[in-house]
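K.L.:
Chains as they are written, first to last, in my numbering: chain A, 1458 to 1709; chain B, 199 to 334.
Source of the hints: derived by calculation from the structure; they are not laboratory data. Predicted, not measured: the structure shown is a model, and the values here were computed from it. From the three backbone atoms N, C-alpha and C, an ideal C-beta is built for every residue, glycine too.
FRET-style restraints, in silico, Cβ to Cβ:
| id | chain 1 | residue 1 | chain 2 | residue 2 | range |
| --- | --- | --- | --- | --- | --- |
| 1 | B | D259 | A | M1653 | 38 to 46 Å |
| 2 | B | T222 | A | M1653 | 49 to 57 Å |
| 3 | B | K207 | A | K1532 | 18 to 26 Å |
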Amino acid sequence: MNLKLEDKVVVLTGGTGGIGQQICADFLEEGAIVICLIRKAEKFEKLKNWLSTKTISTAKIYANTCNLLDANNIKAVVNEVIETHKRIDILVNCAGSVVEMPFALLDESHIDQMLNTNLKGMMLLTQEILRPMFRQKEGAIVNVSSITAIKGGRGIVPYAAAKAGMDAFTRTLAIEVGRKNIRVNAVRPGAIETEMSKPLEARMDKYIPDAMILGRFGKPKEVSKAVLFLSSNETASYITGTFINIDGGFIV
Amino acid sequence: MELAAVLEKVKTVIENSTGTPRETIQLEHTLFDELGVDSIDLVDILFELEFLYKIQLKISDIESRARAKMGDEPYEIDGTITPAGLQVIGEFMPEISKDKLVEGLTVHQLVQLFTVESLCKIVIYRIEEEERKKEN
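Chain B on its own, in the form it takes in the complex (with noise of 0.2 Å):
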């Protein structure tokens, strides 16, 4: 699945739920602080991109891949990511922005931090692995 054609649908799916034109929506652009999407807005576009394209989505995806990456090594501590776990992070989505990685950074505050192109991947994501499971 290509991420311009899972982009298009993304941004058309967030302009329904926020109200945000599509054309002002950029793959950069963090959908808290810079979309102004809520919590529950979340909730309505996972639901309609899970709608759209007929999987199962969690915003806690990423963390699960990292989990698996990590094995036995701890992701986080009490709601807190660990370096190790920022670092796993840091390569599955190079765009969020290194200096908002920071030791510190609670498993709630990663999620504002994701921008539209995380939610591309996690959809990708999503689909690959549907897919996988279809071919076993």
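Here chain A stands alone, though its shape is the one from the complex (with noise of 0.2 Å):
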């Protein structure tokens, strides 16, 4: 199917992690434009080698160093992207990170980089590409959640929080924005195969079976093919403040 993405805009965070690797292929074999936000300029040359071990082009992936807790910064950024692209089509918010720790022994600086890097971040990049969302009357939005914010599990707590936060955030925006024709989605991953997913692949591998109905780890192109769908006007045109959960069952 043709998810006519050709030569859209596509603004995506987290793009050098697992799952936002995969996402960056996939957009670019549908021929979409991609720019990545990105802390570090190096990572993003990794990610261009792994992209060509891979043999997709790079040629319509570009990057933008960008400070995600800096508004300024933000909207500098995006500023320069609407200069040289003159839209943007399509965010997607995949930046996270997470701390494995008991609660009770996390100090207030893990907290605050949880709640951080994956709810305020979200938020500001959001709000500022809301700006030329609003004049073209139309975009799509797609949150990376996690399906811990809806199923909980040790050592993740404000994770959890930050990701059901993201949920929130998803639904209600989702109601504000959608009369402006700007479609608000999320997709909740489950355990997928990453490096973020490494600690937790190593203590559950005999649980899993039990823990998953598909008795499996879920693969990064799993999650990013549901990301192109509800980017895509052509498959998710009438679908809005919505979720997909990528988890093999783990909370049926």
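Build the complex from these two chains, which are given one at a time in their own frames, with help from the hints.
P.N.:
This is the structure:
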């Protein structure tokens, strides 16, 4: 099926992570223009090398360094993107981080880091990108949440709280901006094979058949396909304020 | 910047945002009650005007100007505009009917009274501010 994403301008955070790089790859394969907002330029080189190993052209992928906790910096970067590409069709909020530790042992900086990275930065960026989307009278926002937003686990209290916040953000923003033809949806990945989930994978190996109906971890591609589905007006033009759980049946 | 020129663009922006035909939009129409603008339309309208004029617009600009003029005297207390605040607003925005600027009016309710002219004046104020900044 043609998702009609050719030359759509996609802004993406977390593009150098396990799920994010696959989302980049899939958008590029659909012919979209991908702008990765990254913290460190060297990570973008690694991403381009990885894409090249998959024989995916890097001609339409760009990077802008951006501090997602600095509203002025975000504004400048979004203006630069608009200056160059004229519009922003799709925003994918995929940046995230987790520190696994019992809540009682976390210090304030850990809590700040997880709430900021997983929630505040995403809000600041979305707020700025709504400007061009309002003007275009069109846009799609896909948030990469987590299954932990609705089913918790040990050692991830602030992360789960932030992701639950992201879910509420998704739902309520969808209500606010729907009439302006801007769709807001989210995916909730469960345990996906990435660097971020390695410690979990090591711990859960023997429990996986019980925990997941499908009996295995998910693959980044199984998440990215859902992100593209929600991004495309061909497949999701009447879908907003909703969530796709990609968890192998973890919450059933 | 002339009011008439800004008005033409404001009419177009309101039409694009709400679907109200521009030829029916009058300077004295209130945005919320008479033109059916809601808070999200207002955001849309402000974003578009910002883009057209390359300015940063805040609906609270009027409030900021009132506060600046009033110095130490309070403009509002717990969200309710003081009688002195209402007087200053009346001077800044004579287009708002005096009988609506009554005691007990809240900062939030004031926005609901804004007319097309109020919006034009906010745009003009911000354009002139930007020009002043450039000159300095």
